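Enquirer: Just so you know, the protein sequences line up as chains A and B, in that order.
For the first sequence, the UniProt record's numbering begins at 1 and goes up steadily by one.
For the second sequence, the UniProt record's numbering begins at 1 and goes up steadily by one.
Watch out, some of these pointers could steer you wrong.
Remember, identical chains collapse to one label, so a pair may be satisfied in a single copy or spanning two.
To be verified - In silico lysine-lysine, DSS-like type, Cα no more than 25 Å apart, as pairs:
no.	residue 1	residue 2
1	K71	K349
2	K587	K192
3	K474	K197
4	K71	K587
5	K349	K64
6	K192	K166
7	K197	K237
8	K192	K207
9	K395	K587
10	K71	K157
11	K587	K388
12	K2	K575
13	K185	K237
14	K64	K587
15	K587	K400
Don't read these hints as lab results, they were simulated from the structure.
These numbers come from a predicted model, not from an experiment.
There are 2 protein chains.
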Amino acid sequence: MKNYIQAAAWSIIEEGFDPALHQISESIFSLGNGHMGQRANFEETYSGESLSGNYVAGVYYPDKTRVGWWKNGYPEYFAKVLNSCNWMGLQFDFGGTLLDLHTAEVKSFRRELQMQKGYLQRNFVATIPSGSTVEVQSKRFFSMANDEIAALHYQLKATDFTGTLKLKAVVDGDVSNQDSNYDEKFWDEVGKSRTEKGTFLTLRTKKTGFEVITGVKTIVLLNGKPLELKSSEERNKYISEELAVELQAGDVLDIYKIVTNLSSQNYAAAELSARAEEVLHAATAAGFEKLLAEQAEAWALKWAEGDIQIEGDTSAQQAIRFNIFQLNQTYTGKDARLNIGPKGFTGEKYGGSTYWDTEAYCIPFYLSTANQEVAKNLLVYRYKHLEKAIENAQKLGFDKGAALYPMVTMNGEECHNEWEITFEEIHRNGAIAFAIYNYVRYTGDQDYLKQYGLEVLIGIARFWKQRVNWSEDKQQYVMLGVTGPNEYENNINNNWYTNTMAVWCLNYAMEATEIVRAEDPARLAELIEATGLNEAEEFAAWTKISAGMYLPEDKNLGIFLQQDGYLDKEQILVKDLPASQRPINQKWSWDRILRSGFIKQADVLQGMYFLEDQYDLDALRRNFDFYEARTVHESSLSPCVHSILAAKLNDGARAYEFYLRTARLDLDDYNNDTEDGLHITSMAGTWMSIVEGFAGMRVRNGQLLFRPFLPQEWQSFAFKIGFRGTQFSITIRAGEITIFNAGDQISNISIFDEVYQIPTGETVINYQAAAL
Amino acid sequence: MKNYIQAAAWSIIEEGFDPALHQISESIFSLGNGHMGQRANFEETYSGESLSGNYVAGVYYPDKTRVGWWKNGYPEYFAKVLNSCNWMGLQFDFGGTLLDLHTAEVKSFRRELQMQKGYLQRNFVATIPSGSTVEVQSKRFFSMANDEIAALHYQLKATDFTGTLKLKAVVDGDVSNQDSNYDEKFWDEVGKSRTEKGTFLTLRTKKTGFEVITGVKTIVLLNGKPLELKSSEERNKYISEELAVELQAGDVLDIYKIVTNLSSQNYAAAELSARAEEVLHAATAAGFEKLLAEQAEAWALKWAEGDIQIEGDTSAQQAIRFNIFQLNQTYTGKDARLNIGPKGFTGEKYGGSTYWDTEAYCIPFYLSTANQEVAKNLLVYRYKHLEKAIENAQKLGFDKGAALYPMVTMNGEECHNEWEITFEEIHRNGAIAFAIYNYVRYTGDQDYLKQYGLEVLIGIARFWKQRVNWSEDKQQYVMLGVTGPNEYENNINNNWYTNTMAVWCLNYAMEATEIVRAEDPARLAELIEATGLNEAEEFAAWTKISAGMYLPEDKNLGIFLQQDGYLDKEQILVKDLPASQRPINQKWSWDRILRSGFIKQADVLQGMYFLEDQYDLDALRRNFDFYEARTVHESSLSPCVHSILAAKLNDGARAYEFYLRTARLDLDDYNNDTEDGLHITSMAGTWMSIVEGFAGMRVRNGQLLFRPFLPQEWQSFAFKIGFRGTQFSITIRAGEITIFNAGDQISNISIFDEVYQIPTGETVINYQAAAL
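Using the sequences provided together with the hints, build the complete structure.
Expert: Structure below.
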């Protein structure tokens, strides 16, 4: 755990330069715009430890799988997030001495991620080894207004240097992935050029053949007067420009890089070059300041929809904004081929970009804070992968249209290879089905089922049907050999969560069929034709399984059992686990973890969260008390669910405690791994803790419901919710909730158990919240 | 499955050259003498596909572990069997054209492994691309009389070639392992020299620093007259000699290589060179033919102890001799630092050399067919690794002297890294304890317990004590998260075999303590001091666990349950599994295998075999019928146990059927993997099928017992058994068993339930066998 980030309501601030923290900061101060992004590497030479990272969404490389021991069913190749061309590099050579903060004496240093306006700014004063001092101010951003554009303004003042400065501006595509399985480089050069519009470098990925062109227009001014750059070094996958200038002490250089990155995903390869010139030319014509102003406007729109304001706790305010900021940088929902990588554009760790995190944790955030299309595109993403999910299931021996979505994916193919996860952590299928339900429940967009959803649900139901088997011994259906959300148990039998979600999926698939039948029988006929669904036979089987599924429970304790045999374990509680033994995933051997009863993340409770209407508060309390006492929350995805359930159980203090565990996970480098990149998907869980936990928001019968409470550490919190074409502003203060209907239609909202009709532009206040 | 090996009672014969079978033959025709060995690579150049392999026992390299996903507890390095210096190479250059069977037209080709005398012979006639024809006969062996020596005689007749032949004799240490994790080479050169005694190349392993010197004296005769070799190419880790000779058609070249391989395990590194010269000089002085005669004598002694004769089935005769031959080539028992690698000297697959195979399958073979010291050395091997086994347990979180022997090892450290095997297949500890019991039962050498055995038993008992936990739910001790012998189930709870063996170990450790106390209380006091054994406390705990262990069973079916939940699986039988689906380990995904009820190898039945006195025939029959119907025998170690138990259940036909599955496993390349090397340890299982199965041999109360039957396909079978200083020859014919006491003392033997006193040199015949 670190504590070096300064609190500020709208900014992430680092004062002073500590090389030991640099890679953490490179992650934290990352920038992106959904289409591309970048770690907060320095523009100028840095010879110290750094993880260089530039990423273009959706561009991947199928790296050949490397495992210790092969298991049948493993994918032969993994789609890997690619490190791509670095357009940022600047080299400053002051009469033979490079500007390099690793060798310079850093007099002052400040980094600020300005989240309201969406830029990264850095100021420093440094004395290089030859004794000269420079003052630098750099500002850069990835445009949310035009996601093909990024821009940099780097201002350098040579305080006391007189002599020749050689400046080199680099576009470097000769990059590699740290996590390459066979130490290969993944890019080939297609071509490069330098015209008056800029320097252009086109690279092609090996095997996949994605082409990406990076165009950079570099402009240099000396004391406001333009200087001319000339061609410099060219080598494979590398192009640069340079100039030499005689500086006087006090001279100021302004360097602008206006950048575009276009990929063959969006343009024909043959057009990339012309299109890049065009885009770059237009952006250059607009100029840095205008682009920056557009950026601020674009972010203002995002914040208008998605901000959460917290009064009375700057650290909490900063943290939630950071999480919202990063979620928006990672995924904008414009492109249904993209998804929310667990590290976004902040690192390369974990091949692939899509986990069940998207469906289980991120969908609610995007549903409430963005256009409906954004969440829809996340669902369509899985729809487009349905065929590959069916192939994936076939590899494991399933047939007849059964679909198993991959644990981790980029293009629909599996990107992970631990048998106990890849083959067994199949509950992901349940989350993908539940997200369809969640989306329809929230938006009322039944049409989605017809166009896309039902086909996915049928594939998933067919998988569950084949994945269970009849136990002669139990005279019930069982599901053997699975790994539940709690990955501290592997290859277990009858995981309550997985079995419960499977039953739910079977029922929902049949329910959805009836919805489509009622709305559009012709479309249903089409779907039946396309999927070969034999309703009579398959539904009978699904119904039988749904009715006859074994769901382990302990009647004495009145709890559901996480899996068969869970009560055979030593029932040690987390409170009795010495601090010296935690986190157990670092302190204990894997087999000790597996044998223990400790739970990595919400499992039974995850199910009771998803399907909350099926369980009463007493059952929830018994299970919560039992499992919370055994849960170590060593997944960043865990505390938010416990927070929401604690709130539901009227335990505000614990709800707040669980919230704190996720809110500043990366800002405080809680798990000592922020240097690899940020935990993007768990950031959505933090948002959920506030909105579903503290504010108690739910959707019931097509309308919003709130059961709010105010954490006692705060004076108030407020957020906006987009719901079915209306936007509500919700403010919770001690003893009151204020809801402003910013939409153009009267809306009903429930607060606790009372229904309020809220006209547009009006508010309602309910004092019941004080009861908490 | 292949069928190209010709049947012969004493030989393995391949007629004709098929490059597609070459790598299989390289395995099958391998040679070794316990100290070193070699795949049957060609001496002359071969540019086709080949797996070159030369091995020196006990010389290993700790290769850095490479896994897909790291789990705490994995070893950081694996000891790997090393491919070492190739001393054999010969190059024949006939006026610019190399002799190379990959490019030549092979007119005739014959390979023969002469097992009675212990040599490999090859004859071929080939026409090289330039049109000349050569006749070659080569013979080589690794001396069992002096395990530091190997020798080759290569005779070449240039039928129709007239011109200059350039001959090069190579010693090549620039070799690598195919299974190197990071494509590194593992040897450095220490030095090389050429004297009149031979050429010498000394190599040192990286990291471990083993030094091995290879000395080769090459002698060349033209039509019986010596030629002189001169120095040739030298490069790093490579030395060669050459000569050029004018050949006339019909000339005959005889090339001898006399070879020594010495390692710093047996000599001070500084002495290696002098010692190698000495050994090589003596061997050269003796000459090839004398060495070959000594080899035949040494093998005659081995066969006198260990042969099995089968009348009426040449194929079976060949197979059992092949198995016995390879077992003797792999392990001679002279060196307690060595063990029985699963591939012996026939391949490099599987890092490490020691598995539970040694204790579970190989000990009985060596107990009966070799000096008592041989089996004892296998046990002492584990004694010497006790400290490392304690460290290994510590890595997994155990303490207080608990010992977990590694799954695979070379030097006592773990060499495997699948968590479900490495951490969980802990039943190996049981087999290691059982081997001590088995050895003492067979030899009567109680002294072993005192010197070595008890200390190992205490460490193992302590492990089991910590590995179980009390289940409040069951009110019994349970053992969670294990993998049993049946590796088609992973991370299961309460594997009956493991739990049963754990109980047995706890009891035997206490029993052994009493034996040592009775025999030598002072030694016991020493051991208590050394191990810190708190008898009162620890024995109380062990007794409690032994009495309170949960052993899953199904009372209705009257069977033990392989593990918790086994009956939840679909109970499909092997007979209903289509041939197209087998072997399931090639046809099915790993998760399908895990979920199925199919059993890879004997598990419950393995336990009923080891501890047979605890179970009556009815219980055995019920379990046998239940589990055999579900066992696919996809481990080479499985059928022998089923064979022995079928024989015990008076089902001779099935006993024979199971025997057939192992007997020719490698000769017929049953599993399509013989090219990687032979399945050495399962060869001992074949021996067990005959001796413990068909002959029904057991040790009871210090004497041998037989319950024989004759497979109806055979006319007779006969074998010798060394037992407590006596040797018995046993011959089983239809309706009769003949036992000849070749020892010098009267001995009691049971046949069925009758005890016979057999004077030395006399025989007894019992007709009861006819009843079968």
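Enquirer: Compare the structure with each hint and give your call.
Expert: Against the structure, the hints:
1. K71 to K349: The answer is both: 23 Å in one copy and 17 Å across copies each meet 25 Å.
2. K587 to K192: neither (51 Å within a copy, 49 Å between copies)
3. K474 to K197: Intra 74 Å, inter 77 Å, cutoff 25 Å: neither.
4. K71 to K587: Between copies only: 11 Å across chains, 28 Å inside a chain, cut-off 25 Å.
5. K349 to K64: Classified as both: same-chain Cα gap 16 Å, cross-chain 22 Å, threshold 25 Å.
6. K192 to K166: within (23 Å within a copy, 55 Å between copies)
7. K197 to K237: Classified as within: same-chain Cα gap 19 Å, cross-chain 58 Å, threshold 25 Å.
8. K192 to K207: within (21 Å within a copy, 47 Å between copies)
9. K395 to K587: Intra 36 Å, inter 10 Å, cutoff 25 Å: inter-copy only.
10. K71 to K157: neither (59 Å within a copy, 51 Å between copies)
11. K587 to K388: Between. Shortest inter-copy distance 21 Å satisfies the 25 Å Cα cut-off; intra-copy 39 Å does not.
12. K2 to K575: within (24 Å within a copy, 62 Å between copies)
13. K185 to K237: within (11 Å within a copy, 32 Å between copies)
14. K64 to K587: Classified as between; 22 Å across copies, 32 Å inside a copy.
15. K587 to K400: Close across copies (18 Å), not inside one copy (45 Å); limit 25 Å.
In terms of the numbered hints stated before, the structure departs from hints 2, 3 and 10, listed from lowest to highest.
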